[in-house]
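As a plain string of letters, each chain reads:
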Amino acid sequence: MIDSYKRLMNLQDPPPAKVAKGFFTDTSLCIGCKACEVACKQWNQLPADGFALTATSYDNTGALGATTWRHVQFIEQAKTNGDGRRDQRWLMMSDVCKHCANAACLEACPTGALVRTEYGTVYVQQDICNGCGFCVPACPFGVIDRTPKEGEFQAGTAHKCTLCYDRLKDDMTPACAKSCPTASIQFGDVAELRERARRRLGELQARGESTARLYGMPEGKEAEEVGPLHAFFLLLDEPQKYNLPEIPRLPRKTLGERYAWSAAVGAGFALVAALVFGSRR
Amino acid sequence: MTAEPATPGYYRYPVIRRPVWTWEVPAYFWLGGMAGGAFLTASLGQRLGSPDDRRYTADGFYLAGAAILPCAPLLIADLGRPERFHHMLRVFKPLSPMNLGAWTLTAFAPLAVGRAATQAAHTGLLRGPLAALARLLPTSVVELTGTLSGMVLAGYTGVLLAATNVPLWAKSKLLGGVFMASAMSSGSAAVALVAARRGAPDATLHRLARIESAASLGEVAMLTGYLGQSGRTAHPLTRGRFAMPFWVGAVGAGMLLPLLLHRFAGRHRGGTLRSLSGAAAVCSLAGSLALRWSIFEAGKVSSEDQAASFELSSD
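The listed protein sequences derive, respectively, from chains A and B. In terms of this note's numbering, the first sequence opens at residue 24 and continues consecutively. In terms of this note's numbering, the second sequence opens at residue 95 and continues consecutively.
It should be emphasised that the hints constitute simulated quantities derived from the structure, not laboratory data. Being a predicted model, the structure only gives us computed values, none of them experimental. Cβ atoms here follow ideal geometry from the backbone N, Cα and C, with glycine treated the same way. Heads up, some of the hints might be wrong.
[Said to hold, decoys possible] Computed cross-link-like contacts, SDA-like style, restricted to lysine to any residue with a CA-CA straight-line distance of at most 20 Å:
(1) A/201 to A/73
(2) B/394 to B/335
(3) A/172 to B/175
(4) B/187 to A/124
(5) B/267 to A/270
(6) B/394 to A/88
(7) A/276 to B/408
[To be verified] Simulated coverage check for chain B against chain A, where a stretch passes if three residues somewhere in it have a Cβ under 8 Å from a Cβ of chain A:
(8) 111-118
(9) 153-164
(10) 223-232
(11) 399-407
[Unchecked claim] Pairwise CB distance ranges (calculated):
(12) B/293 to A/125: 35 to 41 Å
(13) B/338 to A/107: 49 to 55 Å
(14) A/302 to B/232: 25 to 31 Å
(15) B/338 to A/195: 23 to 29 Å
(16) A/72 to B/117: 37 to 43 Å
(17) A/260 to B/117: 52 to 58 Å
(18) B/102 to A/195: 37 to 43 Å
(19) A/244 to B/235: 48 to 54 Å
(20) B/319 to A/261: 44 to 50 Å
(21) B/338 to A/219: 52 to 58 Å
(22) B/116 to A/193: 39 to 45 Å
Chain A with its partners taken away, still in its complex shape (with noise of 0.2 Å):
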C-alpha cells in the first residue's frame, strides 16, 4: 500500500547519511587572487555580475548573492605603531555560505525545496523552489538570494552555495576549493577540518597573532542560535570586521514570544467586541 503509493507519487527514501563535510576558510593564508570566484562560476555555470567598479578596494564582486557564491573580502587597514609610524596591512577573506547546523533560509522555507543533504550542508532544490522569497531576509549572513524574475540564468528561484553538491556525489573536491593555489580554502571532514582549524590556531597565537580567532567552532558564541557552521573561518580580527555577525540570529528561537503578543491583542479584541454586543439594553 505505502511502496504503491510511492510509486505512484514518485518518492524516493533520502541518501543514507555520509560524513559531514565542510569548509575550513584560513584567512590567513588567502592571497586575494580570486582563483576561488572565477572555479565556482564556471564549475556553476554563473552568469557574471556585470563590470562594476566598486571603488572601495580590489573587491569589485561586493556581495555573496544569486549568483556569486564565493566572495573574495579585501579589508584594508591601517595601524599607527609603538614608533608613531603607519603600518598598512590587508585582510582577504573568502566567504562562502556557512552551511549552519540550524539554518534559518531551511527553517523558512515553505515549500521544502531547502534541504539538509546526505552530507550535513544546505541545498535548494530548484525544481521545488517556487521564488517566494523567505529564505532571503532570513539568513543572518545575507547569503542566499533570489534570482530576478526575467533572467536567463534560473529565474525566480533561490541560489546559494550547493558545496558542489554533484561534485561531492562524485567524491570529488568542491571547485573553490580545488582552485585555491595557497591552501587557505580546505575541504574535508568537518570533525577533521576542526582540529586542524584548532592546531593552525594555535601555530598563528604562538608567532603573536593574538587577534587570530576561529569563527564557527561548536564552542564559539556565533554558534549559540544557528550552531556550529560546516563552513567556518579563521580570522585575523573581529568578526565584524570582515561583515559577519557577533552572535548570528536564528529567527525560530524567538517565534513564539511573537506569536503570543499578536495572539493576545487579537484575543483581547475579541473580548472586547463581544463585550460591547452583549452589554446591549
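Once you have looked at the hints, place chain B on chain A.
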C-alpha cells in the same frame, strides 16, 4: 593614506540581503487582515448582538469574502515562479510562518466566501440551486472555524516579517501585535462603514464605534511599545522618506483621527452620526494600509543598515 574604515564592518556593505518582495505583499497584509477582522466582527455581531446589530454586521461576511478573493492572486503574483504556487502546500510545516500562512489562507478563503454565500442566500440576493447549496452550510461551524482561521490570518503577517533578520522588523517582539491590532481596527471599520452607509440605527453605530476605538487604542499601545523597543533601529520608518506616510497616514489618519471622530460622534445621532462614523472608518482603513506599506518598505531600507544589523545580532 587610507584611514581605518569609518564603519564597524566591511566598508558600508549590508550584512543581510534586501528583501525581494514587492507591493503585492503589503496589499495582501492589508486585505487579509481586514477580511479576518471583518469576519470576526460580523460573527460576534451575529451571536451576541441585538437584532439590528445582527442585520447590519452581517454585511461583514460580504466584506470578508470580497477582501479575501484578491489575496491568493496577489501572493502568487509576488512569487519568483508563480506557476509553482501550489508547492506551498506540498508540505505542512507550520514552523515556517509562510507555510502556516499559505495553509491558513487556504482554510479561511472558502469559509469566508461560503459564509458570504449563505448570507446572500438568506437575504435573497442569491437564488436558484447555488442558494440551496449555500443554505446547506452549517453557519455556526463556519463562523467558528472562520473566526479562528481569520484571526490567524490577521495575526501571522507581522510575525512573518519579524521572523527575518531585517532590523526594523525583527528588533522588537511586538510587530505581530501591531499588525493584529491594525487588522482588527480595519476589519471593524469596514463593517462600520457599510453599516453607516446602509443607515444602521444609532445604537448599532455607537457599539461599532466603541469596538473600533478599542482596536485603535490597541494599535496605539502596540505601536508605542514597538517603537520604544526598536529605538534607533526604527529610524528608516520614523524619519526620511517613510516618515510622512507613517506619521500622517498610519498614526494620524489611521489611529488618532478615528479616535477623535468617534469621541465627537458619541454626542451625535442620525445623519451626523452616520457621516462621522463613515469618515472615521475610511480614515482607519486608509491608515491601516499606510501602516503596512510604510513598515514593509522601510524594512528594505533597514536591511541595508550595517550598524543596525550588528546591533540586532549582539542583543
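Now the hints, each set against the structure:
no.: 1; hint: A/201 to A/73; result: violated (25 Å)
no.: 2; hint: B/394 to B/335; result: holds (12 Å)
no.: 3; hint: A/172 to B/175; result: holds (8 Å)
no.: 4; hint: B/187 to A/124; result: holds (19 Å)
no.: 5; hint: B/267 to A/270; result: holds (18 Å)
no.: 6; hint: B/394 to A/88; result: holds (16 Å)
no.: 7; hint: A/276 to B/408; result: holds (15 Å)
no.: 8; hint: 111-118; result: holds (count 5)
no.: 9; hint: 153-164; result: violated (count 0)
no.: 10; hint: 223-232; result: violated (count 0)
no.: 11; hint: 399-407; result: holds (count 5)
no.: 12; hint: B/293 to A/125: 35 to 41 Å; result: violated (58 Å)
no.: 13; hint: B/338 to A/107: 49 to 55 Å; result: holds (51 Å)
no.: 14; hint: A/302 to B/232: 25 to 31 Å; result: holds (28 Å)
no.: 15; hint: B/338 to A/195: 23 to 29 Å; result: violated (56 Å)
no.: 16; hint: A/72 to B/117: 37 to 43 Å; result: violated (26 Å)
no.: 17; hint: A/260 to B/117: 52 to 58 Å; result: violated (41 Å)
no.: 18; hint: B/102 to A/195: 37 to 43 Å; result: holds (39 Å)
no.: 19; hint: A/244 to B/235: 48 to 54 Å; result: holds (51 Å)
no.: 20; hint: B/319 to A/261: 44 to 50 Å; result: violated (33 Å)
no.: 21; hint: B/338 to A/219: 52 to 58 Å; result: holds (56 Å)
no.: 22; hint: B/116 to A/193: 39 to 45 Å; result: holds (40 Å)
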